[in-house]
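Could you fit the two chains together into a complex? Lean on the hints.
Given next are the chains, with one letter for each unit.
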Amino acid sequence: MELLDKLTILADAAKYDASCASSGAPKRSSKGKAGIGATDGMGICHSYTPDGRCVSLLKILLTNFCLYDCQYCVNRRSSDVPRARFTPEEVVRLTLDFYQRNYVSGLFLSSGIIRSADYTMEQLIQVARLLRNEHSFRGYIHLKSIPEADPALIEEAGRYADRLSVNIELPSAVSLTKLAPEKTQSSIKRAMGTIQTASQESLADKRAPTFAPGGQSTQMIVGADLSVDRIILGTAESLYGDYGLRRVYYSAFSPIPNSPASVPFQAPPMLREHRLYQADFLLRGYGFSVAELFDGTDNLSLDIDPKLAWALANRALFPLDLNRAEPQMIARVPGIGVRSAQRIVALRKLKRIRFEDVVRLRCLMDKAKPFIVTTDYRPQEATLESGLLRQQLRDQPAQMALWG
Amino acid sequence: MKLLRCDDDFSVWRGQARQLLLCAVPPHAVSWEDVDRLQLFSAKPLATYSVTGREIRIPALLLEQLEAAARYRMSGRWNLLYRILWRVVQGERHAALAGDADGSELHRRLKSVSREAHHMHAFLRFHPCLDDAELDYIAWHEPAHDVLAWGSEHFAHRLGRQKWLIATPHDGVRFDGEKLDYQKPCPLDWQQLAQAVRGQGDKLWETYYSSIFNPARLNPKVMQGHMPLRFWAGIPEGKLIQGLVSNARAGSQKNGQAEAVAAKSGKVIGVGRPRSAR
Numbered sequence: 001m002e003l004l005d006k007l008t009i010l011a012d013a014a015k016y017d018a019s020c021a022s023s024g025a026p027k028r029s030s031k032g033k034a035g036i037g038a039t040d041g042m043g044i045c046h047s048y049t050p051d052g053r054c055v056s057l058l059k060i061l062l063t064n065f066c067l068y069d070c071q072y073c074v075n076r077r078s079s080d081v082p083r084a085r086f087t088p089e090e091v092v093r094l095t096l097d098f099y100q101r102n103y104v105s106g107l108f109l110s111s112g113i114i115r116s117a118d119y120t121m122e123q124l125i126q127v128a129r130l131l132r133n134e135h136s137f138r139g140y141i142h143l144k145s146i147p148e149a150d151p152a153l154i155e156e157a158g159r160y161a162d163r164l165s166v167n168i169e170l171p172s173a174v175s176l177t178k179l180a181p182e183k184t185q186s187s188i189k190r191a192m193g194t195i196q197t198a199s200q201e202s203l204a205d206k207r208a209p210t211f212a213p214g215g216q217s218t219q220m221i222v223g224a225d226l227s228v229d230r231i232i233l234g235t236a237e238s239l240y241g242d243y244g245l246r247r248v249y250y251s252a253f254s255p256i257p258n259s260p261a262s263v264p265f266q267a268p269p270m271l272r273e274h275r276l277y278q279a280d281f282l283l284r285g286y287g288f289s290v291a292e293l294f295d296g297t298d299n300l301s302l303d304i305d306p307k308l309a310w311a312l313a314n315r316a317l318f319p320l321d322l323n324r325a326e327p328q329m330i331a332r333v334p335g336i337g338v339r340s341a342q343r344i345v346a347l348r349k350l351k352r353i354r355f356e357d358v359v360r361l362r363c364l365m366d367k368a369k370p371f372i373v374t375t376d377y378r379p380q381e382a383t384l385e386s387g388l389l390r391q392q393l394r395d396q397p398a399q400m401a402l403w404g
Numbered sequence: 001m002k003l004l005r006c007d008d009d010f011s012v013w014r015g016q017a018r019q020l021l022l023c024a025v026p027p028h029a030v031s032w033e034d035v036d037r038l039q040l041f042s043a044k045p046l047a048t049y050s051v052t053g054r055e056i057r058i059p060a061l062l063l064e065q066l067e068a069a070a071r072y073r074m075s076g077r078w079n080l081l082y083r084i085l086w087r088v089v090q091g092e093r094h095a096a097l098a099g100d101a102d103g104s105e106l107h108r109r110l111k112s113v114s115r116e117a118h119h120m121h122a123f124l125r126f127h128p129c130l131d132d133a134e135l136d137y138i139a140w141h142e143p144a145h146d147v148l149a150w151g152s153e154h155f156a157h158r159l160g161r162q163k164w165l166i167a168t169p170h171d172g173v174r175f176d177g178e179k180l181d182y183q184k185p186c187p188l189d190w191q192q193l194a195q196a197v198r199g200q201g202d203k204l205w206e207t208y209y210s211s212i213f214n215p216a217r218l219n220p221k222v223m224q225g226h227m228p229l230r231f232w233a234g235i236p237e238g239k240l241i242q243g244l245v246s247n248a249r250a251g252s253q254k255n256g257q258a259e260a261v262a263a264k265s266g267k268v269i270g271v272g273r274p275r276s277a278r
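Sequences listed follow chains Z and W, in order. Take the first sequence: its letter number 6 is residue 6 in full-length UniProt numbering, and every next letter is one higher. Take the second sequence: its letter number 42 is residue 42 in full-length UniProt numbering, and every next letter is one higher.
For reference, chain W alone in the conformation it holds in the complex (with noise of 0.2 Å):
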């Protein structure tokens, strides 16, 4: 059994995937070692198998796949993508297709990722830097996957020239209006930037969420299965979930008023009509 590392980077995984199979290394002669358990053998160079000089040919598709599915957090991440890359290389082309076991598997992870890469565009939340010329906007966020480094340019096209910054425990990317300067690990000052942020009210933003909620229709479950639980705390209207889940669950609500709404007092709108008694 050979031993490599890539320390989880993909284009290094992709040199030595390449090598070895050109050295026809079959997937159950070669095992990637996890970055954050490093095993006790030391990684050996390939030494024993020698290149067979043929030609490998793998499609674009497949690759994007593979790089794509390499984001997904796990330990042993490697050996899946290099068996697939393998076996197609083989002449198994079904093996990344969604119905084959190994396919299944990639198809997965890349569900996997591109929604954790979604669920960091939607419940990422910037918090507005006052205090600083050089930042508009900071924000930490705890993506499961390696999603940053992929979806961040995203929050560049929303943001145009404002300057900011996401910090992640794990990498961190920064934006001064014109490139994005993606760092692995994340600085120490970066991280305290956000961190001082996190968890940071909006007053307006409560009040809103308060507010568009329809209490007579209440269903937290469907709501917990689109914005997972490891999300709340990040995001300010998180706090306010389970007061408002209790209150309507109380049966205070018959309608879809909200409460503050309720309180006020009411006009109805004169065409000569009587005003209604309350």
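Chain Z extracted, bound-state conformation (with noise of 0.2 Å):
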């Protein structure tokens, strides 16, 4: 099979992850050295594809062959889609060729399950040894790591990876096991669990090897099962908390050619997925935890971000004056993020905060406005309803048409 038929495959085998960062790795330089890559912390994304998402590294399987039948997955074994394979020869020569013309900054190589974990497992670091030793390759390298794998293998994974990932899949154990037969939650946590001690050693002692710098990370499918926002965001909560995650990814089930009955044929409204990735944002960046965004309720509005409905479920925090409230408070005020409380704070060492002071951040005003104080201006929305309120700041219908 040509190498063109084979890329063609295996990125369409590919996509349904949805992640693409190369972000977290050390510095490394190649300049007046052999080789070539470099890494400076920041992700580059070099291009975006129609659906809107960031191209940062060459992103593929090394094959879509599988012996596994999970199904939402379009590689699975009962699937009738095309396979191919690439030999690591291959797969490191586009990875080589694509960085050097700038379309990449990396390689994020996973691969369907061939004759065993282990098997496939080495297949993978055989990659990543050919990059990092036969060719000097400093860019940045994300490896699938296979649960069932030999954890000695995973280890030696994370001594040629920027980054790790083992994929939790679906958000409760009880639908791993009727969606995914071979997988189960236990040995997919084992993985997590081997990475993080093998981090924690790595960093213990400077004289160790590197492993896996740019962290894990995992991806979660929303709407393959019947899991509601509090529990897929409980389980990445807990995922944060137990084994020091970067990211959590969530991934809109996509509908798969050929698609099995025991899942949707209709995908979930994108926006769930954006307000799952804003939640998520709120837990990682501003101290929220997944009890205070969900207020006895168990999905996340459509109709507003999560931020806001907390603040209009909280209005006896509100209005908050910006002259003297903690910056973390601050932060949670809808329409004013983390940097501008920053700036907030830093202004007001020299002045007092006036409401013109606050436009010029560039804040969301039209969210902001009923919940600030300034030295000039009280809301006069304080004293409005939270049912009325909300509906004059709901997102406007149009932007709920993500589908295009």
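None of these hints come from the bench; they were simulated from the model. Cβ coordinates follow ideal geometry from the N, Cα and C atoms, glycine included. Honestly, I wouldn't trust all of these hints.
[As the list claims (entries may be wrong)] Pairs of lysine to aspartate or glutamate residues, derived as DMTMM-like cross-links and limited to a Cα-Cα distance of at most 20 Å, are as follows:
1. K267(W) to D80(Z)
2. K203(W) to E2(Z)
3. K203(W) to E259(W)
4. K163(W) to E134(W)
5. K189(Z) to E201(Z)
6. K267(W) to D69(Z)
7. K349(Z) to E259(W)
8. K189(Z) to E148(Z)
9. K264(W) to E2(Z)
10. K267(W) to D97(Z)
11. K111(W) to D181(W)
12. K351(Z) to E259(W)
13. K183(Z) to E2(Z)
14. K163(W) to D97(Z)
15. K33(Z) to E67(W)
16. K264(W) to D5(Z)
17. K203(W) to E148(Z)
[Unchecked claim] Facing chain W, from chain Z, some residues (calculated, C-beta under 10 Å):
18. S79
19. Q100
20. A173
21. R348
[As the list claims (entries may be wrong)] Stretch-level coverage of chain W by chain Z, calculated; a stretch enters the list once three of its residues show a Cβ under 8 Å from a Cβ in chain Z:
22. 3-17
23. 89-102
In structure tokens form, the structure reads like this:
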């Protein structure tokens, strides 16, 4: 089979993994050295596809032959898709070529399970080893880890990769058993634990080789089972806490060709995925807990963002005086982000904050207005009932038409 | 009104600004001329103000910010920078903060400039030079701001000892495997070399781009927000976008599979299961 045909099939097979991040790697440079590749901690999106997704890494499967039969996956063994397999050398050549032309900042390699979990993992490691050792490649490498593989192989993978990921796949162990009969949540979590332990050991000993310095991430498929948002984010929260994950990616289940009856034929609204990412961001960056975001409800609202929903459910804390409030509380005001909150705090050391100052910081004033007090401003809406306020502030229906 | 020229060169401007501050010349009494729109009056030497003799200390961070903001291309770009410098020296330290009217404009320019450098690192495309012993890769790029000199070392970190050249309408840079050679204006032969490869296709990359796109999740507005239209001409995938969008819109795709894959015949992997009917 021609390389071009393999690329057609194995890029198509890899698109359902949402992650394409190339961030979190340590500073590396090839300036004046043999070999190529650099990382500086910041990711670069070298292109965007018409689905609005960032292209940062060459994201492909080594092969889409697979012995597993995960119902939500296009590459399950019972799926009637074209199959292909790259040789490790072909992946190396593509990576180096795409990197030098500045199309990508590295490689994100995953694979269907062939022969055995260990054999598959060895193949993935072989590609990374060739890139690092034979070609002195210092760009970003993200390897998908096969949870059932020998922990020693996962540890080896981490010596070459900047990031490792093990997909949690579904929010609950019950759903996983039902839809992915060959997988178990316990083996997935064991692999996450192996990665976390190896990473901590490497950090504790300065002389030890680095281990996946970009940390680990995972992906959860949304809408392939009936799990509600509270369960999804609860799983994410415990993964962040238990395994020190850098990121949990949420991938709205995308209908696949020849879909089995066990999974939906319809995709969930893309807005749901978007709201999950917003809520996830509040967990990671703003100190919110899942319990705070769900006040007796099961799902995030689609018509308003989760921070606004939280503020509307906690009106007693508002309006907030920007000249006095704690920085963490300012960041909890709808329409004001962490950066703007920091800037407000820096500015108020020099002068009293006026309404105009907040406008200049380019905060989302429509959202922020009912919740803030400045030297020259008190909101009229402060006494407005939350239900009415919500109606005024909800996203316009036009924004819901994400299907284009 | 004193009219000054700095040829859009920060170090020249810095020397002039220093002299003006020493002479306590207020911002409304001075203006910098644009390089591409010379005004009718010629620049007069700074005369009537005399040196006040006081010491002027500029915070290092402010100087850094002014230098970065100076890369923002617009007419009259230097005047704001002097006004902020002046105000900070007068004791208005918040003049450089985003909450201030001048500071807000400063930060807007800083953000645009760093975004434009990021755009260059992202969307510049190198083409291999097969028949030139002196060059491995060559690129043509059209940044909206003066980010090449500042942002080109990035590619030396990426490409090791490879020899490469980037040409733009304004300036150019060449790396011989050891050191960078920045030229302004861009030498004509550099521009010709780069323009010759500009827009060259690449079958492998175009295939990858078409295949990694999920037509069931079409969202061209988000794509264009991140990757402005002005870059599409310079990237091989640019010419594919319209076709991919309209095919997905036409409803040919209810699932995520690329058309080229759907056209191939499939293979169920037997573990004692019957092959499903197509």
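Against the structure, the hints:
1. K267(W) to D80(Z): 5 Å, holds
2. K203(W) to E2(Z): 13 Å, holds
3. K203(W) to E259(W): 16 Å, holds
4. K163(W) to E134(W): 7 Å, holds
5. K189(Z) to E201(Z): This hinted pair holds, its Cα atoms lying about 18 Å apart.
6. K267(W) to D69(Z): 14 Å, holds
7. K349(Z) to E259(W): 59 Å, violated
8. K189(Z) to E148(Z): 10 Å, holds
9. K264(W) to E2(Z): 13 Å, holds
10. K267(W) to D97(Z): 30 Å, violated
11. K111(W) to D181(W): 27 Å, violated
12. K351(Z) to E259(W): Distance ~60 Å between K351(Z) and E259(W) Cα, so the pair is violated.
13. K183(Z) to E2(Z): Answer violated: K183(Z) to E2(Z) is near 33 Å, above 20 Å.
14. K163(W) to D97(Z): 15 Å, holds
15. K33(Z) to E67(W): 31 Å, violated
16. K264(W) to D5(Z): 10 Å, holds
17. K203(W) to E148(Z): 37 Å, violated
18. S79: Result: holds, 7 Å to nearest chain W Cβ.
19. Q100: 6 Å, holds
20. A173: Violated: closest Cβ of chain W sits about 24 Å from A173(Z), beyond 10 Å.
21. R348: Holds - the Cβ of R348(Z) comes within 10 Å of chain W, reaching about 9 Å at its closest.
22. 3-17: Violated: only 0 residues of the region 3-17 of chain W have a Cβ under 8 Å from chain Z.
23. 89-102: Satisfied; 7 residues make the cut.
Hint violations for this structure: numbers 7, 10, 11, 12, 13, 15, 17, 20, 22, all remaining hints satisfied.
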